[in-house]
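Colleague: Here the structure of chain A is known, so what remains is to put chains B, C, D, E, F, G and H in place on it, guided by the hints.
There are 8 protein chains.
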Amino acid sequence: MTTETVLDFDRTNRIGLDEAIFCAGKSVDQIGAILELANARGAGLLLTRLTVEKLEGLSAANRDAIDYCAVSSTGFFGSLKPIESRGAIAIVAAGTSDIGVAREAERTLRHAGVGATVIADVGVAGLWRLTERLEEIRTHPIVIAAAGMDAALASVLGGLVSSTIICVPTSIGYGAAEGGRTALNAMLASCAPGLVVCNIDNGYGAASAALRILSSSERLRRSGV
Amino acid sequence: MTTETVLDFDRTNRIGLDEAIFCAGKSVDQIGAILELANARGAGLLLTRLTVEKLEGLSAANRDAIDYCAVSSTGFFGSLKPIESRGAIAIVAAGTSDIGVAREAERTLRHAGVGATVIADVGVAGLWRLTERLEEIRTHPIVIAAAGMDAALASVLGGLVSSTIICVPTSIGYGAAEGGRTALNAMLASCAPGLVVCNIDNGYGAASAALRILSSSERLRRSGV
Amino acid sequence: MTTETVLDFDRTNRIGLDEAIFCAGKSVDQIGAILELANARGAGLLLTRLTVEKLEGLSAANRDAIDYCAVSSTGFFGSLKPIESRGAIAIVAAGTSDIGVAREAERTLRHAGVGATVIADVGVAGLWRLTERLEEIRTHPIVIAAAGMDAALASVLGGLVSSTIICVPTSIGYGAAEGGRTALNAMLASCAPGLVVCNIDNGYGAASAALRILSSSERLRRSGV
Amino acid sequence: MTTETVLDFDRTNRIGLDEAIFCAGKSVDQIGAILELANARGAGLLLTRLTVEKLEGLSAANRDAIDYCAVSSTGFFGSLKPIESRGAIAIVAAGTSDIGVAREAERTLRHAGVGATVIADVGVAGLWRLTERLEEIRTHPIVIAAAGMDAALASVLGGLVSSTIICVPTSIGYGAAEGGRTALNAMLASCAPGLVVCNIDNGYGAASAALRILSSSERLRRSGV
Amino acid sequence: MTTETVLDFDRTNRIGLDEAIFCAGKSVDQIGAILELANARGAGLLLTRLTVEKLEGLSAANRDAIDYCAVSSTGFFGSLKPIESRGAIAIVAAGTSDIGVAREAERTLRHAGVGATVIADVGVAGLWRLTERLEEIRTHPIVIAAAGMDAALASVLGGLVSSTIICVPTSIGYGAAEGGRTALNAMLASCAPGLVVCNIDNGYGAASAALRILSSSERLRRSGV
Amino acid sequence: MTTETVLDFDRTNRIGLDEAIFCAGKSVDQIGAILELANARGAGLLLTRLTVEKLEGLSAANRDAIDYCAVSSTGFFGSLKPIESRGAIAIVAAGTSDIGVAREAERTLRHAGVGATVIADVGVAGLWRLTERLEEIRTHPIVIAAAGMDAALASVLGGLVSSTIICVPTSIGYGAAEGGRTALNAMLASCAPGLVVCNIDNGYGAASAALRILSSSERLRRSGV
Amino acid sequence: MTTETVLDFDRTNRIGLDEAIFCAGKSVDQIGAILELANARGAGLLLTRLTVEKLEGLSAANRDAIDYCAVSSTGFFGSLKPIESRGAIAIVAAGTSDIGVAREAERTLRHAGVGATVIADVGVAGLWRLTERLEEIRTHPIVIAAAGMDAALASVLGGLVSSTIICVPTSIGYGAAEGGRTALNAMLASCAPGLVVCNIDNGYGAASAALRILSSSERLRRSGV
Amino acid sequence: MTTETVLDFDRTNRIGLDEAIFCAGKSVDQIGAILELANARGAGLLLTRLTVEKLEGLSAANRDAIDYCAVSSTGFFGSLKPIESRGAIAIVAAGTSDIGVAREAERTLRHAGVGATVIADVGVAGLWRLTERLEEIRTHPIVIAAAGMDAALASVLGGLVSSTIICVPTSIGYGAAEGGRTALNAMLASCAPGLVVCNIDNGYGAASAALRILSSSERLRRSGV
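Residue numbers (our numbering), protein chains in the order written: chain A, 1 to 225; chain B, 1 to 225; chain C, 1 to 225; chain D, 1 to 225; chain E, 1 to 225; chain F, 1 to 225; chain G, 1 to 225; chain H, 1 to 225.
Isolated chain A, as found in the complex:
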């Protein structure tokens, strides 16, 4: 099986994002083989959608090399780079149930050396909770907004905050929430202008987009556009 996996160690140079391993579609054997490839090169890896069951199926050596977070089902394999920047990104989650997705985004940013502020339980059903944190949110040029069900948080933020807003619909809810598709569609069809959207539950993707934007900002700064 090992010859069937081609790790993209050069990805950082090409698109500015480290390779990450999406574990949901992979067997424990496949994940183990990938970790050995990475280990042989001395490369660190971010693991996403790593269940506790799969974690426990790995060899003791691999398991010990992983800094695991059960809330977000993510792991840091190998050494972790220091935090190099803070203050640019806020991650705002509508409800307690959206925290797993928010943490996936936070950990993805952390793996890339970027610290983020997590602000949870500010859904619009209790608008005062959002209002109380609004000034704090506004200080961040980039906001990741995670919300399920009606995803109204995204539209309200979009009308109140001038920051770049990256929306992540979550699969929280039932019935008409349609496994996150209603939140996804509501964010895409938002009455607030200029929101951008990632796949359902894709905290990793939202963080990657934020990293692209940080990189673009750096390029804009250098070019003076």
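Do not rely on the hints blindly, as some may be mistaken.
Calculated pairs, DSSO-like style, for lysine-lysine (alpha carbon to alpha carbon, straight line, at most 27 Å) [claimed, not checked]:
| hint | chain 1 | residue 1 | chain 2 | residue 2 |
| --- | --- | --- | --- | --- |
| 1 | G | Lys54 | G | Lys81 |
| 2 | E | Lys54 | C | Lys54 |
| 3 | A | Lys54 | C | Lys54 |
From chain G, some residues computed to sit far from chain B (all C-beta separations above 12 Å) [what the hints assert, rightly or not]:
| hint | residue |
| --- | --- |
| 4 | Ser59 |
| 5 | Ala60 |
| 6 | Asp64 |
| 7 | Ala65 |
| 8 | Ile66 |
| 9 | Phe76 |
| 10 | Gly78 |
| 11 | Leu80 |
| 12 | Glu84 |
| 13 | Val118 |
| 14 | Arg221 |
Treat the hints as calculated values from the structure; they're not laboratory data.
Glycine residues also receive a C-beta, built at the ideal position from the N, C-alpha and C atoms.
Modeller: Frame of chain A; chains B, C, D, E, F, G and H shown alone:
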């Protein structure tokens, strides 16, 4: 064709709501026959989804007996009862494009002798517009909320206002708005508790629900529950 | 985790509905933390979608403080207010399988101090069962109708009863029942006027809507509209 | 083009149903060519989904040979067989808007020499209208039920009548009616047992099924099963 | 719980079909209560969608009173009436995987005293298998056709056989089979005229429809239409 | 606008298929600009989805240079290569309404110098029509099968013919035909093995696939695999 | 009607984006009233989804004040600010048919004083066309990618370019393209990390997102994060 | 049960493909009965979708006669024919998670005596991985492309390679990947011409199509078309 239409003149006694004629699936001939049945009994009728084309296809006598509103495609046929109550119901519309649905609700209430307050263009993308009218909205025990696209207005109202909130999704928007289904699903899956929802663009239905609630309130008052 | 949950103890004042905890998307640890926050304030809480597995995962102290109902997967945490009103609300369930949803509505009302009449197994496939109970249903100004599959009960009730009718589609059925979406759509597209609809299986939402209507009625009574 | 159409004049012998021409997907030229093939053999034909525009595009000779019904968009081409049986089949339509589909069924039966009773405007929103006609409906061993929106008529009939019930959902309605899919699904998921269903707006198909059942009954009678 | 279930023992008189118990949405306790109600009246019952797990959860007395079939998940509770007619109905299944649905139909007919011929594994991918059995199928005035995936069997039968054809789509297949919806839609949109369709996997419903048709045939015979 | 269109004149060398112009999403001006680019290079072009309205909007010179077919809405612009091979490909259409799609495939092949046999009106509702032509179909190593509604033709062919079968669902039908999606899904989920499928109404794509297969066969012949 | 429209002239201060008028759901009268409001304040406006028919319905004075682009259905009303920055944003369109959406994005940026580079007809079916322009694309820190059908352009760009990539699915295509939903879903589910997505055909939204990012970059530059 | 399964041992003669057993919808007993039928005739069989659980449920004798592959859930029962051809077919998989489907295709070909080249982990997010293998892929006249999520690999291959390309969408991904439907639709709506598509995860079907094409090529070679 006349033998194929059975008007339900007794409906008011049975469920407290006048018969109304939904014109969308009916030919001009069918509508004309219904108007003659009503005229013969001296009954007034509310006509909904009556396009200008169908209106103009009716006989001059029938056309003259109709008080028509092009914005909502509704008509009052025959005599109109006076307004008997005011102040109970606010109709709140998110955007300029939602006004047709709001007016259909307003005219349905008016046909039943109930006056309503229409508050338009208060979508949450400019939350200050809603905030400015919030105290006025709160004075109404029943609120009909019409919104399309992400329908975030419904959730925000639901968290700020203790009134009964009847939501009407509208078919405004494109792409992920899915012809109103996203607004419908977002209202059903709202994070705010106790919202109730009508069919897409169904201003008539929302007004009918409000009339049922007024009638229930009257019964509750009499019974002292 | 505790800093990530912001309970909305002021919600009753703001919108007239107590905070309730939807347990489906929350871990046992998150639920436990919420119960401790509530306990510290001496606040009672309604818990919905609380499975037996999660209940048993709670601490013995928390478990003992919960009055649990397995049919509706609901729990009352802490002290329960007395029943303050009766006779306003009937909950009508089409089939034996819809009783869980009906009980969720009944328990939500009970938690708010409102008693309701539950009338079960009156689906229209055996219309005589509904006809036998019709006069009893009519005495209630507010009717919550829970039905799955074709949801024909809602339309039949809507044509026979002048009360406010809050429809709750249930996920009962298979194949073309589409997990409750057919019942939901049939209720929304009902030929009977003025029905309002909640999310699939959302007994809690239907009860919350009924509480809003009771509150609106009280306001209408006071204002004399 | 003529070589591309192969009329199935033997179909009556094979499956007991005459060939009919579904005009919706065919050009005026293709329909004209088919009529000439039929004329050359002296065969009569039923034409369905024939719009007035296409009718008027045909040659005068063909047009004159067609007995056209605008309500159902059907035409009888050539000679018509006499009515050979009556009383077996009732066609029940929920609303005025469903009459086109009901008439398509009636005309298909008429073309096969079978008379049917049409009973219109008996939707369950005014249940008394159905109740008044129930005994008459019950005298027919086969009932075709056409209804759109929530299609509750089908379930109510299914619980009250022992006849064979062939359901035809119609595309009447908007929004959550989903162009007839809600009626279709509600009929398929009906709580009443033993309903069978045809495609949306397929009055022709419902009549064809009724003809198959008449033929099966005749065979059962002969075999004495 | 017992007061919440209202068995419809009069259903046979009203619509000619015995009450059956759909076990999928019911708890073991609810099923047990129903069996006791039936036992108290000395009534037999057909149980559908009864899993082995629920069967084993019943009391020993109830379990012993059930003649269970694991292939179709059906049970006969109490005494069984003798077979009163044979030869009218064939049940044709496309593949080995469709046999469960075919057996549910067969057992439903058996419970009503009607014997049926089951012909399995005649899907059109090996058309010779169908051709070999075609004459046998044709001798039955009523044919129930169970097929999943593309459901082509229904259309081929519809073009070759003049019998009444009741189609049951099955949930066999994956991907584009969409859990039976493709088979359902293909049967509804069949190019063969006069097919009628039941819900996905609804062998019980197909058999009930066949029983209605047998009853209609008997009435037609008596009335001499 | 001309700088915005980059014709791929090298495509024939790269993938063995000539560039074709899909006119549906292009304005008359855009099509005209493309024809001038082609004319300047002396290249011939296949135009698909070219409506009569757009054809008539072109300049007289361009219009005269187009050999147009209204049935398939295709045009040959410029000189046409001679037919170089015959006998490899049959195009089989289920009904008269599917002929437009079949002709699009035939004309695409013709433009590439390949002659094809078109066999129309052989849908399985009259299986004898297919059986009569079966031996003729079998002589072609490649079969393109165009069918709408239930698309049962594809499965029947797949079980009877060893040729490569390229399926093209058509949008013929209504209601449950879902604009061709039912035919598409039925072909994908067919019980016959080894069918391959193109997009709805995509006669051009089916012909292009057949050209790829002819080219692969030539390569296999040369390599002697 | 004028009292029903509340223009948000303060939006620029609040979220950094000028108010724009989405004309699709508005009548000519409503648009005219809005233009007069804007004119009275001396404010310029961007008009989107303005059809030629609606443009021609406006008063001559309003029409003359609009700089209209038929390809993108956009108009600049009133005075236009000068271009203040260039070189930051590239707009890449997969095919000729996607240019309307690309131009809507370009014109939205232009209205805000930002120049963009449009690179058209670089879809991946002719990968060399993209490869030829890749270095040019890479020089832009922000890339808007418009593509319909399979939207493969987005994934290929995402793997080759480190810039921020804002994806706009277009409704180009037919059948399985599902009116742009396939492109939308493919962009959301892309194998390339960190793509963000806007609603179908929403060139305005993509440009607004780019403006948010430019503003965020400016803030990051100032704060030195 | 044995009389209900009719194995199609003649299928090879009729359509050139051996019978294979799709185990997903069959019980262990049904599979065992089929193996005994095959064993009695001395026929080998390919088993697909055979889970480890079902494998272990078989008799020891049957289990020992199966050469099982857990990655693809396939088994070879009985003797295996030698590899008779190589070099014609490449199987290209986008990601590590798509290998199960690729192996199902490889094993189906192997069972028919055809060797194939498997090239894995060449998805377009790292286009260099595909570019490195492109010349190798091009040497194969037939390419099977397995990809999930956005399935961009198929379009890129289709624009670069002249071989016949059989696409297999996989169910890899989450959210907007919609269980493989997005990949399926993207492949069907590809901007690259002449791609053909199989059902989601249907490696067996793709291999069967490849075998049909090999057979067609052999016939074309013999006929000299």
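Colleague: Against which earlier hints does the structure fall short, listed by number upward?
Modeller: No numbers; nothing is violated.
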